[in-house]
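Q: Here are the chains, one letter per residue:
Number of protein chains: 4
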Amino acid sequence: MFTPFNTFLETIAGDRQLSRWLTRLPADLEAFLKSAEGQEFRRYEKILERTRSLHADTLNLNQPYVSFGRGEDITPGQHQMLRALYREMMPWRKGPYEFFGEKAESEWRSFMKWDRLIKGITPLAGRKILDVGCGNGYHMWRMLGEGAERVVGIDPCALFTAQFELFKRAVPEDIQKKIHLLPLGIEQLPQLEAFDTVFSMGVLYHRRSAVDHLMQLQSQLVPGGELVLETMVIEGDEQTVLIPKDRYAKMPNIWYIPSISSLENLLNRCGYINVKLIDVCMTTTEEQRRTELMITESLEDFLDPQDHTRTIEGYQAPTRAVFTAQKKGR
Amino acid sequence: MFTPFNTFLETIAGDRQLSRWLTRLPADLEAFLKSAEGQEFRRYEKILERTRSLHADTLNLNQPYVSFGRGEDITPGQHQMLRALYREMMPWRKGPYEFFGEKAESEWRSFMKWDRLIKGITPLAGRKILDVGCGNGYHMWRMLGEGAERVVGIDPCALFTAQFELFKRAVPEDIQKKIHLLPLGIEQLPQLEAFDTVFSMGVLYHRRSAVDHLMQLQSQLVPGGELVLETMVIEGDEQTVLIPKDRYAKMPNIWYIPSISSLENLLNRCGYINVKLIDVCMTTTEEQRRTELMITESLEDFLDPQDHTRTIEGYQAPTRAVFTAQKKGR
Amino acid sequence: MFTPFNTFLETIAGDRQLSRWLTRLPADLEAFLKSAEGQEFRRYEKILERTRSLHADTLNLNQPYVSFGRGEDITPGQHQMLRALYREMMPWRKGPYEFFGEKAESEWRSFMKWDRLIKGITPLAGRKILDVGCGNGYHMWRMLGEGAERVVGIDPCALFTAQFELFKRAVPEDIQKKIHLLPLGIEQLPQLEAFDTVFSMGVLYHRRSAVDHLMQLQSQLVPGGELVLETMVIEGDEQTVLIPKDRYAKMPNIWYIPSISSLENLLNRCGYINVKLIDVCMTTTEEQRRTELMITESLEDFLDPQDHTRTIEGYQAPTRAVFTAQKKGR
Amino acid sequence: MFTPFNTFLETIAGDRQLSRWLTRLPADLEAFLKSAEGQEFRRYEKILERTRSLHADTLNLNQPYVSFGRGEDITPGQHQMLRALYREMMPWRKGPYEFFGEKAESEWRSFMKWDRLIKGITPLAGRKILDVGCGNGYHMWRMLGEGAERVVGIDPCALFTAQFELFKRAVPEDIQKKIHLLPLGIEQLPQLEAFDTVFSMGVLYHRRSAVDHLMQLQSQLVPGGELVLETMVIEGDEQTVLIPKDRYAKMPNIWYIPSISSLENLLNRCGYINVKLIDVCMTTTEEQRRTELMITESLEDFLDPQDHTRTIEGYQAPTRAVFTAQKKGR
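Chains as they are written, first to last, in this note's numbering: chain A, 1 to 330; chain B, 1 to 330; chain C, 1 to 330; chain D, 1 to 330.
The set of hints was computed from the structure by calculation and includes no laboratory data.
Predicted model, so just to flag it, every value in this text is computed and none were measured.
Among the hints, a few may not be true.
Note that identical chains are pooled: a pair holds if it fits in a single copy or bridges any two copies.
[Claimed, not checked] Okay, derived cross-link-like pairs now, DSSO-like style, lysine-lysine, Cα gap no bigger than 30 Å in a straight line:
1) Lys168 with Lys119
2) Lys328 with Lys168
3) Lys177 with Lys103
4) Lys178 with Lys276
5) Lys328 with Lys250
6) Lys46 with Lys178
7) Lys103 with Lys276
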């Protein structure tokens, strides 16, 4: 009844720390599957059945194109089927992927963000990881590529869960057991204190309450665990926070763009220690752009055509910073 | 079983708009009465029984000392009893009151705030009012004095509820029906859309999420209704928000002190219209100070002894602003 | 939002004993109104709007035809409207009624049951009464006629609630406050211990658990209160209980037909005292029969055409007994 | 947090049919562990720690003494420890057991009941089994001895769960995965439709509602599955049911003792097919008696000293019947 999430339920049932999640996860999954979004997911699952016979023996999770299987493993008809399937599962926000040789070019070249942060964070080998707002899971595969012991991602969007399942169902069973994407929002997580590293990338500015978000992330970490926080920032001092009057870069739901020092201050106030800025970077149209699999507006359309350092509303153009911070140990 | 809140439950049961509250208020009151805080309330109610025979025929709700009854209405023994009772129900934060001639001097001279705001807001005569974080209800009596049709206050503190009940139980029954203090937090209010004016005074800086608070207040207003918002502000531009690193004026739970224009911006972003600043004022030790009925530290101890424009932590000293804003009409 | 049940909610909010019902009744009413049955009720309420201008000044609640208003109070057009409305609100199980002179002939001549029991029970004057499985409320009006202080009936059927409302909305307001029919099943009642007399007539044989039903009824009574229990019985000794193999008198949902002494034994076992049999009577086709307002099968069709002492399945024909029993006092 | 029930939670998470139980089992287990009964269980678990080093390589589940390990596997000190532990975990209702040579003589010689029924039921090899009201699990071990694929028992009593865990923790891990006792009542089971055989032995007469119990059992069976029902019966025809006026054989909570044909009738009415009586037997003082590990009253004290065919209250002495019945197939 919880397909395809039974394996994850088994995993947490057998885990001392994660098992407390059982008091609400099954009900949340049931609610999802009964919701309109869940119906959408079931519809995508129908589409995924076409790929049931595909098994990817070769994986490469350590390069820009996260890739599964080789082109020569499948027939020309299957190649055609995959290309059509990509289009039926549009838009592709995060990527790029290569699945049996068929490339999926996504709006974001997500490896650029990954390359900027991977040197600055605690190595992931052997760690249990949570990725909040994981999209279709691109970075989750990269985490596995770094040797993570287990990667759990959450994102409430049915399409992203389905895009993730496309690849997951093709990989060997031992790998399937290590990587799980659940269609949930962060407010659905109890205080698990079960993850060595928690990622929150591209989420904070959408939240109405920055404090609550940072607290919720903290409650997922083991004592001494590491937060990796990526979000948009503006210039300014410790007391500077931009709350857009209306839209920001055409997005209607942006509530919080702090300065770097304001956010550092808030992380400290929320109880984190060893707060470090590991990267700041203005987003470019090389990193975020329209593709054949994401055909609506992208960054270029969100910026002032005369001045790419400004959004179309006149705010400072998106600049993204990555922080690490540590939860206090026991 | 809900004593002393049965009358209020009757009131909302008979009100088209407020009756939707019945799906959760009885359970919330039951939970309160069973909680430790509720036990505390029952303990205070025992104390209140001593005043059961007191009936105040004369009220004066339009002067600094909100007063009930006259000194000559009660015996010298009762005068002595009241003075002892005041001390058993310390601390008195809001006031002052005069109850059968016995004055209760509170930490705050709350009439000073009232006098600053009353000229700037829509007259209260005939309106239904909600006061969020109402303390012991001083301003609620003043609202009634202005001719409000019904005043509902919420504050989760048992002591404040009991201080309010001390006076309420002595007033005539027709007045009792118009004024109600419930031991609740704002997160326990469903979307009522039932009040013409909603007051939130001295609450916003304690909230982890300013946006959620402003949204919750809005959902209590009828279309076109008025918010009266009082909170601490600092100097700065539209992007200025102070989040204290730790304590502010020795208070551990201050999360949000915006500049005036930053808060105006946020009110607009949250959908309010006609946002107006009606008063700004630095709090003085004349307004907030230690008294015989509030014997712990007060404002004087929170400020830099050398420089009363600074808190003891070095922040700008408390400056309070009052805004009005309107919910959009239909 | 709870229309037409707000008045009852007000009533219980102001009642020490009944107010505990507030922790679930509003939610139950909300659930009813959102259910398919509730939609049905709203549909009937539309029909009832036609009678909005009718006000019955004269009531006669102490005769076989429970009657409201006089024929001469309304116009010929209104008479016609009422006759049509009766037909739109078929079937009429309980009655008969006379509403502004228009007679509603129901399947049951319910006064015959009333006449058999009224002499045997504790007089109802001044009592608070609950009628479980009250149908359209015929007996509730008779209870009011006997001087009951307040009558509450429950029956989950939307049609019966609507038939009741037809009459209730026409009576003077002071009477409306005394009589309430709620669309609920008995399992939705918390332990109220609030009623002086509880009626359960024609319900017990439908219950899967006789013990639970008798216990639930007991938990509605004040200590020392009286149960009036009417149900079908068969001949036999203290250990005789008929559980029909399938249908009984064509009814599919009959689970429990005990002998008189078996039921007396059960009442005692459940903790009742002073158990008394006050009437036994074989149901006749004079009492229960097809009418113009109940046009499907009735008793005659349920009996063996050759032998009216047998049901069509060969069981003993319906014999009904009335018991009174008392809840222990404190 | 659910120790020692995590393994079972894993089991159901991975089972298509049982996984629906996840929407309530974790919450029920959490509630149990927080309850007084759960505290009692934790206290017994402390005692069980003494046996942590015991591993039983040899099991014999097909003889009257269900036995684990051999006497020579443990030291004289451990023998002494076990004997003391038996006494600390009194009373022993079901058995007998032999644990590393130490015999636990229980009130019931439970193999006698087993021997009477095992020939009459569908062979258990390869079946998934539920035992409702399983006591300390004696019959569950016998079911495993018959080759059952998985055995789940429920009984709300902490002591019985602990007695079961004493043995379970000593057996090899692959066997541990097949047998599970949960501290639950039957009303806590959702409709699982997951078991090939469901046992209810010695439970029905304690239930207030025989119909609800039989329905609940049915909803646990797969279509075509088998119910094995053992309960007390009296002599009489299809309409005979004894409801004791007060106690029966000194037991205060006996609600339902039907005749054989009355119970057969009820099973049919509840939708079972192929109802068969496979054994009837008056309980003897050889089968149920006081032992050193059950030192309070037993059957002998419950019977009329002059006439062992009567209980001390004068009812027919306990006679027990075993029925099998089948749930309809699809």
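Q: So, for every hint listed, does it hold in this structure?
A: Results of checking the hints against the structure:
{"no.": "1", "hint": "Lys168 with Lys119", "verdict": "within (27 Å within a copy, 50 Å between copies)"}
{"no.": "2", "hint": "Lys328 with Lys168", "verdict": "neither (34 Å within a copy, 40 Å between copies)"}
{"no.": "3", "hint": "Lys177 with Lys103", "verdict": "within (25 Å within a copy, 45 Å between copies)"}
{"no.": "4", "hint": "Lys178 with Lys276", "verdict": "within (29 Å within a copy, 51 Å between copies)"}
{"no.": "5", "hint": "Lys328 with Lys250", "verdict": "between (38 Å within a copy, 24 Å between copies)"}
{"no.": "6", "hint": "Lys46 with Lys178", "verdict": "within (24 Å within a copy, 35 Å between copies)"}
{"no.": "7", "hint": "Lys103 with Lys276", "verdict": "neither (36 Å within a copy, 56 Å between copies)"}
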